[in-house]
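As a plain string of letters, each chain reads:
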Amino acid sequence: MPNAIPRAAWAGLVACLSLPACSGGHDEVASVGLPVVTTAETVRFGTSNPMVTFDPHLADTGPQFSSYLTLVYDGLTALNLASPFEPHPSLATSWTWPDDNTIDLTLRRDVRFIDGELFDAHAAKANIDRLMELKGPRINTVASMYAAEVLDDYALRLHLHFPDPTLLYNLGLSPGMMVSPAAFDNPDLDLNPVGTGPWLYDRARSTLGEVLHFVPNPEHFEPTYHDVPAIDVQELPDRRARLNALVSGQIDLAIVGPTEAEPARDQGFGVTSRANRWFGLTILDRAGDLVPEMGDPRVRQALGFAVDRQAIAEAVYFGYARPTSQPMHHANLGHDPELESFFSYDPARARALLDEAGIDTFSFTVPVTADSVPQYEAVQAYVRRVGIDMRIKVIEPGSVAALARTRDYPVNTIGYPNFDPDSRHPAIWSVTAGFNPFGYEDPRLERLADEAIRSLDDDLRARNYREYFNVVVKDVLTLVYLQIDDLVIYDSDKLTGVRVGRYIDPMLREIRIRPDGPTFAGVAGE
Amino acid sequence: MLKLLAARIVGLAPLLLIVSFLTFLKLHLVPGDIRDIILGVDATPEQYEELGEKLGLDDPFVVQYGRWLFKAVQGDLGTSAYNSQTVVDAVLDTLPVTLSLTFGGMLVGIVIGVPAGVYAGLHRGGLVDRVAVLAATVGQALPNFWVAIILVIPFALWWQLLPATGFTSPTESVTEWLRSIALASVALGTSASAALARQTRGAVIDVLGTDYIRTARAKGLSERTVTFRHALKNAAVPIVTTIGFQVNGLLGGALIVEQVFGLNGFGSLAIDSVRTQNIPIMQGVVMMGTLVIVGVNIAVDIAYGYVNPRMRPA
Chain A
11 MPNAIPRAAW AGLVACLSLP ACSGGHDEVA SVGLPVVTTA ETVRFGTSNP
61 MVTFDPHLAD TGPQFSSYLT LVYDGLTALN LASPFEPHPS LATSWTWPDD
111 NTIDLTLRRD VRFIDGELFD AHAAKANIDR LMELKGPRIN TVASMYAAEV
161 LDDYALRLHL HFPDPTLLYN LGLSPGMMVS PAAFDNPDLD LNPVGTGPWL
211 YDRARSTLGE VLHFVPNPEH FEPTYHDVPA IDVQELPDRR ARLNALVSGQ
261 IDLAIVGPTE AEPARDQGFG VTSRANRWFG LTILDRAGDL VPEMGDPRVR
311 QALGFAVDRQ AIAEAVYFGY ARPTSQPMHH ANLGHDPELE SFFSYDPARA
361 RALLDEAGID TFSFTVPVTA DSVPQYEAVQ AYVRRVGIDM RIKVIEPGSV
411 AALARTRDYP VNTIGYPNFD PDSRHPAIWS VTAGFNPFGY EDPRLERLAD
461 EAIRSLDDDL RARNYREYFN VVVKDVLTLV YLQIDDLVIY DSDKLTGVRV
511 GRYIDPMLRE IRIRPDGPTF AGVAGE
Chain B
4 MLKLLAARIV GLAPLLLIVS FLTFLKLHLV PGDIRDIILG VDATPEQYEE
54 LGEKLGLDDP FVVQYGRWLF KAVQGDLGTS AYNSQTVVDA VLDTLPVTLS
104 LTFGGMLVGI VIGVPAGVYA GLHRGGLVDR VAVLAATVGQ ALPNFWVAII
154 LVIPFALWWQ LLPATGFTSP TESVTEWLRS IALASVALGT SASAALARQT
204 RGAVIDVLGT DYIRTARAKG LSERTVTFRH ALKNAAVPIV TTIGFQVNGL
254 LGGALIVEQV FGLNGFGSLA IDSVRTQNIP IMQGVVMMGT LVIVGVNIAV
304 DIAYGYVNPR MRPA
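Heads up: the protein sequence lines correspond to chains A and B, in order.
First residue of the first sequence: 11, per our numbering; consecutive thereafter.
First residue of the second sequence: 4, per our numbering; consecutive thereafter.
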């Protein structure tokens, strides 16, 4: 009998630990001064990308943009996955080009920042001025703009150094997001956003590095966003942990890799994807300064013909990748259908090219982070068969980009976005590019890009960039093997509108909670 | 005891200085550049240089360390390299998670390891002893992250009895707090219980072979009195030492286990800060980790005095 109480206590403890209802608060997400929102009404997103800054003018575009900034800020324009390179109305409702170097924006009326300040042309000009003064990470994407002028309270004129076809698009990204001028000097603006966006950041209920909680901004001009009563962005660095969290019902969607997408699909979860990046070798030593053999285009072509792309796509990426030979994805400017299969799998031709170049065998070293080793080991095995000794040097995570700016290695493995050639040229192939440390210059590329970047003629831009990437592919300035997918898995019984954005994360703004019952968990992708 | 405490606290300052210097040096040698993370892949060389100047990255290592140290001795550990979050806030946000896991792991270790070791020691050579020794050997050999992954599958994914990820603060709900650390604590506590069982068994066997135990039995004391009043009290010193070691080990083990359970603890903060070259945060993590470990060692020293009066400082 003396043991009865402890046994009962243990039984109670075990039972209580097993029942979420015992907690009394687990199923509810409360916000200070706002209605209680249940987890069923909350979109819970698991990501590996931490919130770095809520100051859009100091933020890089990328995961910051889609997971955090688009919730709390509006841009002058907006992006839409249906026509991703067309700027759509947002805080600017329309625009005209009085001449090639001037854009006039008509601004939305009756919009207030969350601190109560009015949004108007004066606020927009103050933001443009601040953007140019701070010179944040994305300043180069709006470098064409040198001044903003207030025409009237709701009309703003942008003055450009040169015609810029992508400026309005870029004003839909972090540089074009509007911050309340009254908050410019807030020391914690980077942790406490003051925008006009559709959601409010509930700082009191959030813990940086763990979970950020967002609730609807009742004043926002687009009421359909409020179909989602709350959004939680949870930082879960480990991909397997994100899959586990989805399976056990703790989150509703997550960014994962191919090894997690397959089990998620098998268990009935939705999988959505977008080919946003390429996998391959960025040739840094294009003139053969470090590895003389690398200076011969025939040798670089041999690296292309030696590899069975389809086999790597299936074995390493489980089908979430597609063979290609060119950096730009088929939906993007600069894509040339004829380049797609320029490099077929032809080891005999690879060997013949090496023979033609008078090379029996040679070696070079490629820096690879641990998570990319399987892919590059597959490439290594293929090129070895034609006599090329590609050595893999495992490097620290996060150091691959820094190495691409040095002359330490002849090639690099950084994965670039497969769109926006206007940004890729000055970053990778231009003679002054950061990722062209050997200073290789190809006058054809400089001319084609200069013309395209400063032209409002869509035909000219398409023609120039097609020619541009013919040079990049055929001279093998960058060797592309695959277009690889960014993947998001999600609870398709609960959510609709889940699509991967161009910047890795899903477009949280577009997600809605399904009002009806279960549906087919299919696979969607571009 | 006060003298002991005073001596330890005085010794802490040079220790922290050496640790901070070595950490700063090691972080300085880590490949990679914070500018790539802040600026992204499209940054121009000019932006790269400007940011380097702004962050003082081009200054000599000693100047950078001196700048950090000058502020640190004034109690200012600085802010994150990316935003205005203070290092103290970042550390204090994550410390409860890791301390919870360490506490949970230690609790599992003590509750399983000590009784198992005592029983095995008292019944040396018996079936239970052999099973305990085998289990302890296996338990110490299993990596705790592997145990964690294995535990998640049935308890979180199949039966959904316990959460697979996330942490609930005990101030929000004690029950949810226990649920959120349960699997991670068992994963961490497996190796701790194995180590404690082995040490406890050895200590009990050693003590049972001593002259004073033989004398106690010769005096006609009951086996219960011999065991609990004389043997176990003296066997406690090596057990306390092992507990001290295990706490430090659990703090280290938590770094990996936190990843498996998606817990935003000290380990996640440390790994994130190294991955993102966030030197101020990493320095804060190491400083706080040092303080915690020194604190544990002082607690062990104090515990010695209680379990064995001969070890109290004069």
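Hints in this document: simulated from the structure, not taken from any laboratory.
Quick caveat: nothing in here was measured; it's all calculated off a predicted structure.
Please note that a few of the clues may not be correct.
Said to hold, decoys possible - Now the in silico label distances, taken between C-beta atoms and shown as ranges:
(1) Glu229/A <-> Val114/B: 43 to 49 Å
(2) Lys403/A <-> Pro157/B: 47 to 53 Å
(3) Val383/A <-> Lys57/B: 31 to 37 Å
Said to hold, decoys possible - Cross-link-like lysine-lysine pairs, in silico, DSBU-like; alpha carbons within 30 Å at most:
(4) Lys222/B <-> Lys236/B
(5) Lys222/B <-> Lys145/A
(6) Lys29/B <-> Lys6/B
(7) Lys29/B <-> Lys57/B
(8) Lys145/A <-> Lys6/B
(9) Lys29/B <-> Lys74/B
(10) Lys135/A <-> Lys145/A
(11) Lys484/A <-> Lys403/A
(12) Lys57/B <-> Lys135/A
(13) Lys29/B <-> Lys403/A
(14) Lys236/B <-> Lys6/B
Stated by the list, open to error - Partner residues aside, some chain B positions facing chain A, computed with beta carbon under 10 Å:
(15) Leu25
(16) Asp36
(17) Ile41
(18) Tyr85
(19) Thr97
(20) Phe106
(21) Leu110
(22) Ile113
(23) Phe170
Just so you know, even glycine gets a beta-carbon here, dropped at the ideal spot from N, CA and C.
Hints and how they fare:
| no. | hint | in the structure |
| --- | --- | --- |
| 1 | Glu229/A <-> Val114/B: 43 to 49 Å | violated, 54 Å |
| 2 | Lys403/A <-> Pro157/B: 47 to 53 Å | violated, 40 Å |
| 3 | Val383/A <-> Lys57/B: 31 to 37 Å | holds, 35 Å |
| 4 | Lys222/B <-> Lys236/B | holds, 19 Å |
| 5 | Lys222/B <-> Lys145/A | violated, 87 Å |
| 6 | Lys29/B <-> Lys6/B | violated, 35 Å |
| 7 | Lys29/B <-> Lys57/B | holds, 22 Å |
| 8 | Lys145/A <-> Lys6/B | violated, 56 Å |
| 9 | Lys29/B <-> Lys74/B | holds, 20 Å |
| 10 | Lys135/A <-> Lys145/A | holds, 16 Å |
| 11 | Lys484/A <-> Lys403/A | holds, 27 Å |
| 12 | Lys57/B <-> Lys135/A | holds, 26 Å |
| 13 | Lys29/B <-> Lys403/A | holds, 20 Å |
| 14 | Lys236/B <-> Lys6/B | holds, 25 Å |
| 15 | Leu25 | violated, 18 Å |
| 16 | Asp36 | holds, 4 Å |
| 17 | Ile41 | holds, 6 Å |
| 18 | Tyr85 | holds, 5 Å |
| 19 | Thr97 | holds, 7 Å |
| 20 | Phe106 | violated, 16 Å |
| 21 | Leu110 | violated, 13 Å |
| 22 | Ile113 | violated, 17 Å |
| 23 | Phe170 | holds, 7 Å |
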